[in-house]
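Undergrad: Chain by chain, the residues:
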Amino acid sequence: METKRRGFLKAVGLGSGAFLASPITLFGKTPEELAKQAKEEVYQKKQYTTDVLIAGGGMAGVCAALAAARNGAKVILIQDRSRLGGNASSEIRMHVLGATALRQVWRETGILEELFLTEAVTNQQRSYEMWDFVMYDKVISEKNITLLLDSVLYDAEVANGEIQMIRAICSQTEEIYEIKAKYFADCTGDATLGAIAGAEYMRGREAKSQWGESLAIDKADNKSMGNSLLFMSSQHDRPMPYTPPVWAKKFTKKDFVHRKINTFEFGYWWLELGGMVDIIQDGQKLRHDLLTILFGVWDYIKNSGNHPESENWALSWVGMIPGKRESRRLIGDYIMKQEDVQSAKLFPDRVAYGGWPLDDHPPEGMSSTDMVPYISIPLKAPYSIPFKSLYSKNIKNLLMAGRNVSVSHVALSSTRVMATCATMGQAIGTAMAYCTKNNIKPATLANQEAHLASYQQLLLRQDQPILGVKNQDMKDLARLAKVKASSETKEGAAAQVLDGYNRDVMDGTTHQWRADMKAGEPWLELSWNKPVKINNIQLMFDTGLHRRLLISSDNGVYNSQERHAQPETISDYTIEVKTKKGTQEVARVENNYLRRVEHIFAPVEVESIRIKVLKTNGDPLAKIFEVRCYLDEVQVS
Amino acid sequence: MKVILLFIPLFLWLIGWSYFPVEFIRKERAFETYFGDSVLIEVDLAYTQAGKPEYYTSHVRTPVCKDSLCYLVVIDLSWDLLGNFKEYKLPPKAPLTKFDHDPFTEEDHKKLKTILSNKTSLLRDYDMKALVDEKEKRTSSVVDATSGATSATIRDEVVGGALYTTHTLWHIVNGEVAEKILKHTEARFTNSMLLDMLQADNFQYQFYALKKIPSESTPKYLPHLIRLMASGDSYVPFFAIEKLPDVVWTTPTYQKELAGMVGRVKFEMQNELLNKLKGYPLHSGTLDELTRNLKSMTEQQTTKVLGLLKTNQAALNQESLVRLEPFLESPVKEIASLTYQLFQSQAEKHKEVKKILSKREKL
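So the protein sequences, as listed, match chains A and B.
For the first sequence, the numbering used here gives the first residue as 25, with consecutive numbering after it.
For the second sequence, the numbering used here gives the first residue as 34, with consecutive numbering after it.
No lab work stands behind these hints: they were computed from the structure.
Keep in mind that a hint or two might mislead.
As the list claims (entries may be wrong) - List time: in silico DSS-like cross-link candidates among lysine-lysine, alpha-carbon distance up to 27 Å: (1) A:369 x B:99; (2) A:284 x B:299; (3) B:299 x A:243; (4) B:276 x A:274; (5) B:85 x B:99; (6) B:245 x A:274; (7) A:204 x A:461; (8) B:99 x A:278; (9) A:274 x B:311; (10) B:244 x A:247; (11) B:276 x B:245; (12) A:69 x A:204; (13) A:461 x A:420; (14) A:604 x A:494; (15) A:243 x B:213; (16) A:278 x B:299; (17) A:53 x A:98; (18) B:244 x A:274; (19) B:387 x B:366; (20) A:284 x B:276; (21) A:274 x B:343; (22) B:343 x B:382; (23) B:152 x A:247; (24) A:69 x A:167; (25) B:253 x B:119; (26) B:328 x B:387; (27) B:382 x B:366; (28) A:278 x B:289; (29) A:284 x B:387; (30) A:554 x A:605; (31) B:366 x A:243; (32) B:343 x A:273; (33) A:273 x B:244; (34) B:382 x B:392; (35) B:387 x A:278; (36) A:284 x B:366; (37) A:247 x A:284; (38) A:278 x B:245; (39) A:278 x B:309; (40) A:461 x A:167.
With the hints as extra help, turn the sequences into a complete structure.
TA: Written as structure tokens, this is what we have:
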């Protein structure tokens, strides 16, 4: 090897020192020739054709990609950063908020739940970068997904009201991607794809008179909520002095009358600015302005004397990408408004839900510290999100999820939070796969009852958070079964695993089988009058959906969680099936922490199935919400 | 008979009118407005004996309706000069009632007053339709019987069993009427009202008046600003200090007074004062005041003051320096070292300082 290397160096002239003197380069071309070639061909074009192109790898894009891929569609996911997660990633570090704000039972389920259950178990060291890799692992493990990181969308070709192709550029690989797809999803946050493609969109704040929203402003304007730049700090065993850069702003106590500094470990959402300017195109200046504020606030904490308890604290991480709350909103066949959120209306085409308060931030942000930085109106219940707000009204194959969906400014103040964005992602990902299979447009899916019903049932099967939809899946053979159990508690009748609900919906019923673990290894059995052929058993466990579960740099948020497998969840279990030939074990599981588990096996004709619970993650009761059995043609994973 | 009636007020005045204050308060119609389409709200401005505007009041008769079913609420409402809710009174024969005609309890009244005082209550942003859950709406022959319809979020914001009454009254109290009151006051705002508000104990008045102070004429208001810095309500002190113009911070007498305040204001205001003083050259009287107040300061504040003394050491007098002697022995290294540096650099100038140093060296 040593010899070979020397030989190579010699051949190109490096070893002999001839390199500097000779005009001959590594490739045997003169610098002039090389320069000419570089001009022509540095960026190589690469073509792709796929079912689904998703632009944007934030929470919405990640969930959309996973949902579409798992439902059989070929997916390309382009993301303009090296990491997935967007505002939730280690690059911005905003925690993923959502319907847990209701303090009821409404933590979002589905793919987001899978991500956070996994994170709580595998990232007990609370590393933000490792949270990025939970998402990366899920995405990269799907065979149907091609992930293109560091790839920036910059162009789209539209014909007949449909996007035909998009172009993205990756500077690190010097490639230009030309991607053709059947369906395109705008999960960019800024609705960049929609804007390029000529999709109709809104910006700014609508007037009260536009849709009769009492929380809207009197006269429409171009302002918006601002961006926030976050930081983290840690405590040391000795005083840590701080000298701010000369360009940091100066603050005094009066600037903090509406902005509380209670803890130091995680910077403040109210480090907010940008609502008064063009939040997209003024971004370069805005980032610096936010930094002047961030370091100014830290200077105030460290040096004003008003926070002597900060003496041993020092900045450990400072964000460089401001987290955006609002920019463009694409217009769909329906625009959600204040009343839809406040009155918790159930849309017939509901496919996701939200539960964050109507939490509007005045555009002034930190430029007017005498103003209260938010107006937050709590909600009485979760509200449904209609599919008609998740596809473009004029670009027929464009769908959207995230903050750039079809909502009014007032409704956005609730729908913008990332757990809600993630649920929209799963909804459109599933929709795109469904549309691919059925060769229909999203508008057809929204308007044809039969399609809509099967799409909603598919979402529910895959644990999408969706309100007021019961399991009526004709393919679920468990619905034909009888159920019995070794034991059951008063509130946990075994029959409830087939009652159509897979979670607590606050109707006074637990909707789950409960059995005391003290009684040995409790079991639940489903049996059929006539044997049924199945190849898939799905179980839905309890993961404590009344609690918060999310990575957060805020100790108050983080420490109130169960940062490991959720105690309510069944950890070890077996599944046996009884056939004519006898009993056979189709699954033996240890250390489960997921809510939804699927067991796929070769088709077998069963008379009954028995789920035996060996261990929970701490709960004295074995708890199962739902059992489903399928004979899938194409196996969904 | 008419003649006798006319003499009654005179008689009451003679026997001591403090027993019957309501009858003798001078009121003038401020404005009239409508709540909804049909409820007339007549708002009067009440004056003090000295003839100064004191508060606004209105005798309100409003139907509270659920669908087509209504009952009449009669109530006397009052607001302060800025349109903030003050209180309400009810005629003895028309108490507020709730679920199934039960009258309000004392607790209910207390809760209602708290709700009406909260300008940012969620009632502001929920119309009745969004507030009531249609699914759970109970049929009833009485208004406000929808207690079961209120969700947990909303329950804390309304008087139990009196959802419609709470909602209606909140919107009368804090809606257009409150805005019009503020406008009415603004249109008649005088310098005398400004001074009264600056001297009030009420945070709302203090803050409002502070914002009204024109920046050019501030020295005139100096005593008021200093009072608010020392004892203003809530966060008023921190806005008051920002109103002090440069001339106050640079004039020796004012500067000394501000430094003297460090000893009598709360912790955070002490820091604000020290931080502000850092931006100006300090006079000898100011430095003297600061050294007097060192005893009650924290280590961090002491370090900060020693820094100020060091920057302005040319103005330091001997008396102030001598006062620092105990800090030479401070267990806090930075404090001891800053003090020693000061003593060393001033030893040639001040005999007593030199003496202290040489005494120390002999030890």
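Undergrad: Looking back at the numbered hints, which does the structure fail to meet, lowest number first?
TA: 3, 5, 8, 14, 17, 25, 29, 31, 35 and 36
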